[in-house]
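Enquirer: One-letter residues, chain by chain:
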Amino acid sequence: MSGKASNLKVISLIVKEKIFSTRMLLMFPILLLFIPGMAWGFSDPNIILPGGHRPETPMEVLFYSSLGIVFGGTMCAVLMAFDGVSKERASGVLEVKLAQPMSRLNQTLALVHGTSIAVIIPVTILVLISAFIIRYRMGVWPELMDLIVHIIATGLILIWYTLFTLIASSKAREQGTAMAFGVGIWFFFTFLWALVTSMVAFASGIAIGQDNDSSWIALEGALDLFSPNGVYHHILETRLSGVQRGVSGWQITIMAIAWTVLPLWILARRMENLVP
Amino acid sequence: MAEVILQLVGASCRHYISAPTLTKPWKKIRGPGIPKIDLALHRGTILGLVGPNGAGKTTLLRMLAGVLPLQKGNVVFTSTKGGQTIERELSTSVELRELIGHMPEQVRWQGKKTVHDAMVEIAAMRGSSEHRILGLIKLVGLKSRIDSPLDELSQGMRQRLTLATALLGSPNILLLDEPFNGLDPVAAQAFAQLLRQLSEKGVSIVISSHQVSGLIGIIDRIALLHRGQLLIEGEIKSVEKELQLSDRFDLTGTSQPPSSELIEKLGMELLEFETNQDSWQIQLKGNADGVLKKLISEGIEIESWQPHAPDLVEMLCSSTGLRVEDVGLEITSSAFLPLIHRKVEEE
Numbered sequence: 052m053s054g055k056a057s058n059l060k061v062i063s064l065i066v067k068e069k070i071f072s073t074r075m076l077l078m079f080p081i082l083l084l085f086i087p088g089m090a091w092g093f094s095d096p097n098i099i100l101p102g103g104h105r106p107e108t109p110m111e112v113l114f115y116s117s118l119g120i121v122f123g124g125t126m127c128a129v130l131m132a133f134d135g136v137s138k139e140r141a142s143g144v145l146e147v148k149l150a151q152p153m154s155r156l157n158q159t160l161a162l163v164h165g166t167s168i169a170v171i172i173p174v175t176i177l178v179l180i181s182a183f184i185i186r187y188r189m190g191v192w193p194e195l196m197d198l199i200v201h202i203i204a205t206g207l208i209l210i211w212y213t214l215f216t217l218i219a220s221s222k223a224r225e226q227g228t229a230m231a232f233g234v235g236i237w238f239f240f241t242f243l244w245a246l247v248t249s250m251v252a253f254a255s256g257i258a259i260g261q262d263n264d265s266s267w268i269a270l271e272g273a274l275d276l277f278s279p280n281g282v283y284h285h286i287l288e289t290r291l292s293g294v295q296r297g298v299s300g301w302q303i304t305i306m307a308i309a310w311t312v313l314p315l316w317i318l319a320r321r322m323e324n325l326v327p
Numbered sequence: 006m007a008e009v010i011l012q013l014v015g016a017s018c019r020h021y022i023s024a025p026t027l028t029k030p031w032k033k034i035r036g037p038g039i040p041k042i043d044l045a046l047h048r049g050t051i052l053g054l055v056g057p058n059g060a061g062k063t064t065l066l067r068m069l070a071g072v073l074p075l076q077k078g079n080v081v082f083t084s085t086k087g088g089q090t091i092e093r094e095l096s097t098s099v100e101l102r103e104l105i106g107h108m109p110e111q112v113r114w115q116g117k118k119t120v121h122d123a124m125v126e127i128a129a130m131r132g133s134s135e136h137r138i139l140g141l142i143k144l145v146g147l148k149s150r151i152d153s154p155l156d157e158l159s160q161g162m163r164q165r166l167t168l169a170t171a172l173l174g175s176p177n178i179l180l181l182d183e184p185f186n187g188l189d190p191v192a193a194q195a196f197a198q199l200l201r202q203l204s205e206k207g208v209s210i211v212i213s214s215h216q217v218s219g220l221i222g223i224i225d226r227i228a229l230l231h232r233g234q235l236l237i238e239g240e241i242k243s244v245e246k247e248l249q250l251s252d253r254f255d256l257t258g259t260s261q262p263p264s265s266e267l268i269e270k271l272g273m274e275l276l277e278f279e280t281n282q283d284s285w286q287i288q289l290k291g292n293a294d295g296v297l298k299k300l301i302s303e304g305i306e307i308e309s310w311q312p313h314a315p316d317l318v319e320m321l322c323s324s325t326g327l328r329v330e331d332v333g334l335e336i337t338s339s340a341f342l343p344l345i346h347r348k349v350e351e352e
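Quick mapping for you: the protein sequence lines, in order, are chains A and B. Residue numbers for the first sequence follow our numbering, beginning at 52 and rising by one. Residue numbers for the second sequence follow our numbering, beginning at 6 and rising by one.
In short, the hints are calculated from the structure, not lab data. A hint or two may mislead.
For each label pair, taking beta carbons as the anchor points, the in silico distance ranges come out as [stated by the list, open to error]:
1) B:G116 <-> A:G102: 42 to 52 Å
2) B:I34 <-> A:R320: 19 to 29 Å
3) B:N186 <-> A:L77: 51 to 61 Å
4) A:T304 <-> B:R113: 41 to 51 Å
5) A:L156 <-> B:K143: 51 to 61 Å
6) B:T85 <-> A:G235: 27 to 37 Å
7) B:E157 <-> A:K67: 32 to 42 Å
8) B:E92 <-> A:L156: 23 to 33 Å
9) A:K55 <-> B:K148: 23 to 33 Å
10) B:K77 <-> A:R74: 21 to 31 Å
11) B:G88 <-> A:L156: 53 to 63 Å
In this text, all values refer to a predicted model and were calculated from it rather than measured experimentally. Note that CB positions come from ideal geometry on N, CA and C, so glycine has one too.
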């Protein structure tokens, strides 16, 4: 078997194991409620959001329902990955795997791909179902490019959270610590990032939460580049008209690459030096 | 002597361990590990790697398996091609891992994955084809469990599965860390037989254990490890001789035990003597030729006569010059105390 075929085989086995796990069985109804459920709600022709916002295009509905991915999808990635390394390390299976001729880098890449694909597949299916819901409720399909960008951005954020959690899992000797670290990161970027933004704004003398204040919008936009959720929304916003947050496309691209490459490099380095 | 297949030359591996202090909670220091070792594995022989807890057996096996990278030294693989012996220094761990089948201690396979799927995954990592999987599963006696989830396996079955994964890809060298743990006596015997067959096919096998007695009859050579240092290595007979632990015999009998005068007359040394109401047990040392016959002719009623296999404690005490109390509970220390190597103090 060639190296590439070996990698693909290992990835497919990890995907198979994770996608049919009890954890995914538990998470799937939650994802179902969060992703197509939100698409159903936001595509309601009579909906008026706080602040008088009203989603008018399919992409706006997809953008608002991406909140379900930020809450549910990323949590699913954390739950799938938190014991990705620590469990096998504790049981001794990791030593069996590390003793195989497959390089540690390839093993790491297979683990990252396998775990993230196991989350990306159901989430993507649910995003596609959301597209059907939008068509049904609004009478118009989302544009193909909008859907592609949405799926790619969703795939990226799921990979990022998988990477953070796998790093924690490779660091922690027992699964509780890995779980706490993964959920902690999720909590920080999902709930506490607004607090960080507010603190920076306060320290900079910028009025907090003023939607018509350009300096607040610019600061929020810039700080969002340092949060995976923020970068995710920046990518989605490139498909929305009339959104100007002072962040250009190249900055979003660089940060998206950084959020992918940096954690991957840290994880690969950790795995390279890991003592089973 | 069988030809050398793999050599560790000046190999060292002391991985970092946490040593937090109040001011530096992240502080790490080098663990005891293996400071420097030279070891040769021979084709078609079974080497018993023995030592007390914390001696460095697992670390050494992991170094040999390419799981822990060498910090110093190198690994030399010897092969024969067209009658010529070729020595090749292995530059990467991946090269080493291609040659080795590694069975770590007490692997707790778990999850919903089946035995077959677990094997398929390891086979894919090894780059070997799947057609041998069924044969290996049969070989280790797990055929009836091939579609069972890993969660349903007993510890003995998990041991067998680990062995099957180690045998994938027909390795030249097989490393087994405490392989008999968790195996029932029947399985252990079948396992020992399998190891013998593999060694006859030219596979070099290393078995680590803290019990010498369990390895006698299986191994051809023995290596004694203590505090990360190889105290002695060689064929069992020569090691016993060098440690002055050879030519010892255990005798049991009934009624009158042989007198000390008689034992002296036979040219034997009395090492141990124990007596109960109607039976006795002694340990003798010396040349046993004709001794049994003479004892019987002197009217001594003998029930059993067998060579005394050395145990780990005896070997350690003999090779380090330490007393059993000093060796027994002093498991390991990050500070390397000077060792008394075969009663000669080391620098």
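Enquirer: Regarding B:T85 and A:G235, is the given constraint of 27 to 37 Å on their beta-carbon distance met?
Expert: Because 57 Å falls outside the window, the suggested range is violated.
Enquirer: Holds or violated: 23 to 33 Å for the Cβ distance of B:E92 and A:L156?
Expert: 29 Å, holds
Enquirer: Using the Cβ atoms, figure out if A:K55 sits within 23 to 33 Å of B:K148.
Expert: 32 Å, holds
Enquirer: Is it true that the C-beta distance of B:E157 to A:K67 lies inside 32 to 42 Å, as the hint says?
Expert: 18 Å, violated
Enquirer: Do B:K77 and A:R74 keep their Cβ atoms within the hinted range of 21 to 31 Å?
Expert: The hinted range 21 to 31 Å is violated for B:K77 and A:R74, with Cβ atoms some 44 Å apart.
Enquirer: Using the beta carbons of A:T304 and B:R113, state whether their distance is inside 41 to 51 Å or not.
Expert: Because 44 Å falls inside the window, the suggested range holds.
Enquirer: Taking 51 to 61 Å as the hint, is the beta-carbon distance of A:L156 and B:K143 inside that range?
Expert: At roughly 34 Å between Cβ atoms, B:K143 and A:L156 fall outside 51 to 61 Å, so the hint is violated.
Enquirer: Note whether the CB distance of B:I34 and A:R320 lies within 19 to 29 Å or breaks it.
Expert: 21 Å, holds
Enquirer: Is the gap between the beta carbons of B:G116 and A:G102 within 42 to 52 Å?
Expert: 47 Å, holds
Enquirer: Evaluate the given range 51 to 61 Å for the C-beta pair formed by B:N186 and A:L77.
Expert: Taking Cβ atoms as reference, B:N186 and A:L77 lie about 36 Å apart, which means the hint is violated.
Enquirer: CB of B:G88 to CB of A:L156, is that within 53 to 63 Å?
Expert: Given range 53 to 63 Å: violated, Cβ gap about 39 Å.
Going through the hint list in order, the structure does not satisfy hints 3, 5, 6, 7, 10, 11.
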